[in-house]
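Trainee: Top to bottom, those sequences are chains W and D. Each step along the first sequence adds one to the number in my numbering, with nothing skipped, and position 132 is 152. Each step along the second sequence adds one to the number in my numbering, with nothing skipped, and position 183 is 223.
Keep in mind that the hints were calculated from the coordinates and are not lab data. Where hints are given, some of them may not hold.
[Claimed, not checked] Per label pair, the in silico range of CB-to-CB distance: (1) D:Ala174 - W:Ala122: 51 to 61 Å; (2) W:Gly152 - D:Asp255: 27 to 37 Å; (3) W:Ala122 - D:Ala114: 47 to 57 Å; (4) D:Ser253 - W:Phe155: 52 to 62 Å; (5) W:Pro157 - D:Val199: 10 to 20 Å; (6) D:Leu323 - W:Leu46: 30 to 40 Å; (7) D:Gly274 - W:Val118: 52 to 62 Å; (8) D:Val284 - W:Leu45: 55 to 65 Å; (9) D:Gly274 - W:Ala122: 26 to 36 Å; (10) W:Leu46 - D:Val199: 49 to 59 Å; (11) W:Gly152 - D:Thr371: 51 to 61 Å; (12) D:Asp583 - W:Val118: 50 to 60 Å.
Ideal Cβ positions, reconstructed from N, Cα and C, are used throughout, including at glycine.
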Amino acid sequence: MTARRGATVDVAYFLGGAGLLASSLLHWVGRGAGSALRGHALVDAVIALGRDVPGLSAARLTVCWYAVPAIGAVSWIALGLTGARSTSSRIVAGVAVVIAVAVVAAFTAVVGLDDLAAGPWLALAGALVLAGAAFAPRRLVADRSQ
Amino acid sequence: MNELERRLDLLARRGTPRGADAVLEAANSGSDGAATPGEIDDSVSDATPPDVIPFVTAEPARRRRRPFGSLIAAAGMAAVLVVGAVAVSGLLGSGGGSNSPEGAVRQLADAVSHEDPIAAADVLAPSEVGSLEATVSNAEHRAADLRLVDSASAPLRGVDLSVDGLQLSTEPLGPDVTKVTISSGTMSARTEHQLFSQLLQRAMHGAHDESSSVDLAHLADDQPTFLVAIKQDGKWYVSAAYTVLEYVREANRGPAPDFDVPPASALGADTPDAAVQDALRALSANDFNRLFSLVAPDQIPLYAYRSSLAQAIGDSRTDFTVTQLSTSSTTNGDTANVVLHASGSTSSGPWSWDGGCLHSRDPNVDTNGDTNASTSADYAYCVSGTPSVFGGLAFFVLPIGPGRGATSTTPAPIAVVRRDGRWFVNPVGTVLGLLDGSIGKVDQRTLYATLGLSQDLPADGALTLGRPVSLAGDDSPAPRVLALHGHAGERIVGAFDVPNLASGDDIESYDGGEATVYDSDGKRVSPGALFPGQVMTLPRDGDYKVVVQVYGFAPASGTFTVWHEADAPESALHPPGLGDQQCEITDDGGSMCSSSSAVSSPFDSSSATTATSTP
């Protein structure tokens, strides 16, 4: 039972990181400017155009956005080396939540909540699953046979 | 009692109590004849303690094995490297474009379907779009500031475009230049008015949602639809310049373009000033090859298409000479701005350019259609001035009538760029610079006038019947809004009083402008306007707004006056040209004139009066 619960936590942590990575392949804007481009293609286009997205400079947008898949990749490293419930993994999970919330908030400020596509929501969900797995209460995963 | 407990009990009850020193001494002395570990002699249990005390050792803790842990960590490292590489390439690279000419056109079609200007700009030639994005951004921000759109990031909200069924074929035109012909496909457009901004909805009052579609393969009657894609830095982009020039070539059945263009170092001019001066001299001398060589080939390939352009120009010639020419320039790296001052003559008279306004003499055409030199007047056409409300092309070219003494207060610089050490005129940058200036000057008055909503503006002043309103000093093309308190059944007539443009010409009274009357609900009192000789009846007591639009070519001086019919002068009731007729504006915007005079009235009842609102 203990091994199974531990594996479940690890799988959840892995899926959370996968969600953060996969969000970079999806559309982040559902309508209007930026809606035809997926993830990094949108950010790259904004950089190439040197254009100020209303309310957010291109530089800040790029730093925030690339941090989303980057933290997803780092979470896999932490999972593989130390496990989902290690201190390192918990720190990574916390940072992922902060980044995902910040980026989603930035895009919401730019395009509005109604025009967000699947990308930001998947990023947010991935970060929350990551945090849930890393900070799951011990009683859910402790060995009760002793 | 288990074995361990039994042995401990024996130990506790053996011997007599003695001190620690005695115990240690006995232990040391007994070490010579140490018993064999593991053996127990119960017969001497009281004196001989057991030598072996069994220990229970715990099993070493084993870490739970994570299957695939190393694999996951390795995958994470690989993902970090990929993200980093993509981020660096995005930050350093030009981005955008497509891997094929067809792909570039499809990407553009996808951008249109998503109403996405970013995606569209991403697939347009970087050399052409570089300065365009700044202008587009300025326009979007200004539109949002003026509430023409609800959000600058969604300027096309309410318009739904769709490109479907696209089938393409390609034809190479030259190295890195390919024509992509649209074999089939449709573009549909649908408007959803409720998604427009409140301002646009008011401007479109009563209009219904509309939809339409067009066959993309046959936009022109006589030739198929195509776009030209060019390859830059390994990626294909759609080029507007190449596309336009190729259409010109096809329309004129011109020769194939010559892409074997000399390098930029062999074209252009030595300095920014020389580029502009040489271009003006070449234009004056009709030396179009030289003129085309002064435009950066990577921006607009005029030089490559010079043969077909010459064929299109045909026998047309410019008709001006240059007698004086001076320039001043400011350079910033590989770009420069040049302000030009020049003068010369044309067949009609002298001309001059003062850096922002072109002054020339335009002969009036009298009522017989003949040019009458005695009625010629000097006009000025100014760029980067106050934006005009008279249509797109006039957005930044404002015709200024005689008497206004227009001079450019803001010079209109000509943009110049350097390529391979040579300087070239940048026509796109020049036009966009002027457009940027005009966009920045669009204010609420101008916007409302363009949308026909001037009546929603606060009044600039009060209109008193019989008292002239001065038009002097108002160089803004936006109309004036005057407040009028009227009464039901009141009959009024209005007229402009401007200096004669041509003595004896009977239409100059109407050339001053036009005035339309709106009630307190913002509705026009009648489709007609307040023209001299046309009496308007006010429907009810209350406040009205009179929107006075001065035509751009009207002089700065002059007045506009509204009278009660009973108090109006003869010239307002019976202006020249109407004879003894008197007309009244009808409900449908026409005018009903009654008279026995043989002189034809410009407001004949058989034709509706031009009841135009502000354009």
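Trainee: Range first: 30 to 40 Å. Now tell me if the beta carbons of Leu323 (chain D) and Leu46 (chain W) are that far apart.
Mentor: Given range 30 to 40 Å: violated, Cβ gap about 53 Å.
Trainee: Hint says 47 to 57 Å; check whether the CB-CB distance for Ala122 (chain W) and Ala114 (chain D) agrees.
Mentor: Hint violated: Cβ distance 29 Å, outside 47 to 57 Å.
Trainee: Is the hinted range of 26 to 36 Å satisfied by the C-beta distance from Gly274 (chain D) to Ala122 (chain W)?
Mentor: About 35 Å separates the Cβ atoms of Gly274 (chain D) and Ala122 (chain W), which means 26 to 36 Å holds.
Trainee: Is 50 to 60 Å a correct range for the gap between the Cβ atoms of Asp583 (chain D) and Val118 (chain W)?
Mentor: This hint holds: roughly 58 Å between Cβ atoms.
Trainee: Holds or violated: the 52 to 62 Å window for the beta-carbon distance between Ser253 (chain D) and Phe155 (chain W)?
Mentor: holds, 55 Å
Trainee: Just tell me: holds or violated, for the beta carbon distance of Gly152 (chain W) and Asp255 (chain D) against 27 to 37 Å?
Mentor: Given range 27 to 37 Å: violated, Cβ gap about 54 Å.
Trainee: Taking 10 to 20 Å as the hint, is the beta-carbon distance of Pro157 (chain W) and Val199 (chain D) inside that range?
Mentor: violated, 52 Å
Trainee: Within 51 to 61 Å: is that where the Cβ-Cβ distance between Gly152 (chain W) and Thr371 (chain D) falls?
Mentor: Given range 51 to 61 Å: holds, Cβ gap about 60 Å.
Trainee: Holds or violated: 49 to 59 Å for the Cβ distance of Leu46 (chain W) and Val199 (chain D)?
Mentor: With a Cβ separation near 25 Å, Leu46 (chain W) and Val199 (chain D) fall outside 49 to 59 Å, so the hint is violated.
Trainee: Is it true that the C-beta distance of Val284 (chain D) to Leu45 (chain W) lies inside 55 to 65 Å, as the hint says?
Mentor: violated, 36 Å
Trainee: Go ahead and decide if the range 51 to 61 Å is satisfied by the Cβ distance of Ala174 (chain D) to Ala122 (chain W).
Mentor: Violated: the Cβ-Cβ distance is about 28 Å, outside 51 to 61 Å.
Trainee: Is the distance from the Cβ of Gly274 (chain D) to the Cβ of Val118 (chain W) consistent with 52 to 62 Å?
Mentor: Violated, at about 38 Å.
Comparing the model with each numbered hint stated earlier shows that hints 1, 2, 3, 5, 6, 7, 8, 10 do not hold.
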